[in-house]
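Trainee: Here are the chains, one letter per residue:
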Amino acid sequence: MTQIELRGIEKYFGAVQVIKDLNLSIADREFIVLLGQSGCGKTTTLRAIAGLESIDVGDILIDGQPVQHMKASDRDIAFVFQSFSLYPHMSVYENIAFPLRATGRDRAGMDEEVRAVAKTLQISHLLSRKPSALSGGDMQRVAIGRALVRRPKAMLMDEPIGALDAKLREEMRAEIKRLHIKQGSTTIYVTHDQVEAMSLADRIVIMHEGVLQQIGSPSEVYGHPSNLFVAQFVGSPVMNVAEASVADEGGQLSAKLRGASQGFQLPPAFSDILSTAKAENGNLSLGVRPEGVLVSREARDGFIPVEAHIIEPLGSHDIVDLKLGEQMLRARTKSGFVPQAGTTVWARIDPAQAHFFNTATGMSLGIRL
Amino acid sequence: MAHIELKGITKTFGNHTALKDLNLQIADGEFFVLLGQTGAGKTTTLRLVAGLEKPTAGTVLIDGKDMADWGPAERDVALVLQQYSLYPRYTVRENLEFPLKPAIRRVSPAEIKERVDRVAKTLRIEHLLDRKTDRLSGGEMQRVSIGRAIVRKPRVFLMDEPLSALDAKLREALRTELKNLQMNLGATFLFVTHDQIEAMSMGDKIGVLNNGQLVQTGTPQEIYTNPKNTFVARAVGSPPMNLIEGKISGGEAITSEGLKLPLAAQAGATTDNRLLTFGVRPEDLVLESGAPAEARVHDIENHGVEKIVTLRTGEKFIHATVPAQIDLKLDEQVRFNWNPDKVVVFDGGSGVSLRHAG
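In order, the protein sequence lines correspond to chains L and D. Under the working numbering, the first residue of the first sequence carries the number 1, and numbering increases by one thereafter. Under the working numbering, the first residue of the second sequence carries the number 1, and numbering increases by one thereafter.
These are computed hints drawn from the structure, not numbers from a lab. Since the structure is predicted, the reported quantities are computational estimates derived from the model, not experimental observations. Don't be surprised by glycine CBs; every beta carbon is placed ideally from N, CA and C. Don't take each hint at face value.
[To be verified] Chain D stretches covered by chain L per the calculated footprint, using a threshold of three residues with CB under 8 Å from any CB of chain L:
(1) 104–110
(2) 128–139
(3) 179–190
(4) 196–206
(5) 277–290
[What the hints assert, rightly or not] With a Cα cut of at most 35 Å, we get these calculated DSBU-like pairs of lysine-lysine:
(6) L:LYS153 to L:LYS177
(7) L:LYS130 to L:LYS182
(8) D:LYS169 to D:LYS316
(9) D:LYS329 to L:LYS334
(10) D:LYS20 to L:LYS177
(11) D:LYS316 to L:LYS167
(12) D:LYS342 to L:LYS167
(13) D:LYS329 to D:LYS169
(14) D:LYS169 to L:LYS20
(15) D:LYS7 to D:LYS153
(16) D:LYS153 to L:LYS167
(17) D:LYS153 to L:LYS177
(18) D:LYS205 to L:LYS334
(19) L:LYS167 to D:LYS247
(20) L:LYS323 to D:LYS260
Using the sequences and the accompanying hints, generate a full structural model.
Mentor: Put into structure tokens, the structure is as follows:
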């Protein structure tokens, strides 16, 4: 049972404020991923929870108890780093057993714990090896084993698989998730890789320049980004965003991108919802993910003609750049759907996948059609 | 305007053979991508074309002329590397002017200005022209490097992983820009990368290199749908093609884990009981009740637009791509099928596709 709460955290390095008024409440057994670019404050936040970094303002509570004045060793939290930090002269067994030696457990009890953890991580056959004889993935398994063995209140992980190659990263990701489900320990995991965040997290916390941008489940963050930063940070290829204006001409609603010759028709049913957007005209941006741009090879009702510019065949699907006046929109199509660059095709925006933002503040207007 | 041909190129460094009997043609105006892992021989190939290395055997031809006695400068090729090698104390404009300055090029000051301005516009770095290069971001620096290569209008562009040091978002943007540039300039590009997405998305043609040997050359579509062997099958696509061992019996595929799956009629009855490998892309697997094979959900990777599911059958793992709306739970039992028309059958021993073996 471990709940973690951050209340109004601020942190300065000299004159630079790296965390700004951070509030976060993490439930027992939850898997939280802190996502952001390097320098966004995610690692500092993690280190502050662990007690490896002090904070200037705010409270860190573990199970309701303020811990910001407690030493790292008294917080009962385990930390796994990107670099493996194993004792090179000790065997895998001794590395995993090490944290238990300080607890004064009896030999038999210790042995049982170490073997149970090794079994969970499928490294039982490696127990007598030295770390130097292990692969990168196995070393990280041992590091995780050493963190788990003393049954900490929470697991904190800082890009634990960032140094591994792509294939191993994918395998380890699956293992970490399965392990979390089995052990149920509250976990906070830091990464800059949005796919990792989407795949692992119960909730993702997105940070940018020390400021929390959004907290939500992977599908919330992907489907309802709260601002332009989140919209363009999560998802690949990135969401199309263009300045736009919404018009209502004789009952026909349309959204026109700046520099485009024609607007995209929107169903009349959205007239009420769109009035909010219309009020923002001049300061309105429209966002749509490539899969929200629908493409037809023939002229169709509600579709506008566009020129296919560059086609990126990715095998399973294509990403096609569509040129509308001065604007470029990326669309996701079936592979080979648009035969060649220069072809005229017809496009429309799926209203259910349109996002509206205030251009100046970047904030989502919260309009969903 | 240049056509490049490599004929029977072998290159050894001491007793290490970097390239073995490489034959390759790049058409005029083509965007050719050499795809391979570290040590496959990609960079060596590029350096041979640039004239920075001499082949141990074989010839490099540009526009039909043997380049053996031509130095790098005479070949009129431009090289862009992963590390931007800009002059830090010069402004962007000075960096761009630099290749045109030597008197031997005989470019008038007015023309230098015009060319630099045009290149800056193409690469959208006009606003940076007066800035020192150490005040630029990584993406801007790489654009200036490319600009410096373009400005002297070389016959051939040689690019060695120019995007790999950039972050994902920038890489995505510059990919389109480079392709756009090649279309506008009509220049011949030889682009080297280990990133299959770059190869697929930019190449008119892809050459897959493994251990100094060219395994297959073709359009991205050909490489993706009709790989010559299991190496190529796993070299493109993310996640890569599933390779499932088994055999054919009674017109059905029987996998090593005992699953029975349908095959298209032309898969061949002649291969009965021969050891085979079935190749199927994750997007050609379908999860549906009543499907012939059973598996357990081992992992779910959420990509927003779709989910990549790892299925476990016995001791083997298989990837499947499913729409994001499908709700799955870890360890759930599911049934799956594959699209028999999309299954590629490889020989179990040699790994060569039966279609290519003839």
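Trainee: Next, verify each hint and record whether it holds.
Mentor: Against the structure, the hints come out as follows:
no.	hint	result
1	104–110	violated (count 0)
2	128–139	violated (count 0)
3	179–190	holds (count 3)
4	196–206	holds (count 4)
5	277–290	holds (count 3)
6	L:LYS153 to L:LYS177	holds, 17 Å
7	L:LYS130 to L:LYS182	holds, 27 Å
8	D:LYS169 to D:LYS316	holds, 34 Å
9	D:LYS329 to L:LYS334	holds, 27 Å
10	D:LYS20 to L:LYS177	violated, 44 Å
11	D:LYS316 to L:LYS167	holds, 15 Å
12	D:LYS342 to L:LYS167	holds, 24 Å
13	D:LYS329 to D:LYS169	holds, 31 Å
14	D:LYS169 to L:LYS20	holds, 26 Å
15	D:LYS7 to D:LYS153	holds, 26 Å
16	D:LYS153 to L:LYS167	violated, 40 Å
17	D:LYS153 to L:LYS177	violated, 52 Å
18	D:LYS205 to L:LYS334	holds, 20 Å
19	L:LYS167 to D:LYS247	holds, 27 Å
20	L:LYS323 to D:LYS260	violated, 47 Å
When the structure is compared with the earlier hints, violations turn up for hints 1, 2, 10, 16, 17 and 20 and for no others.
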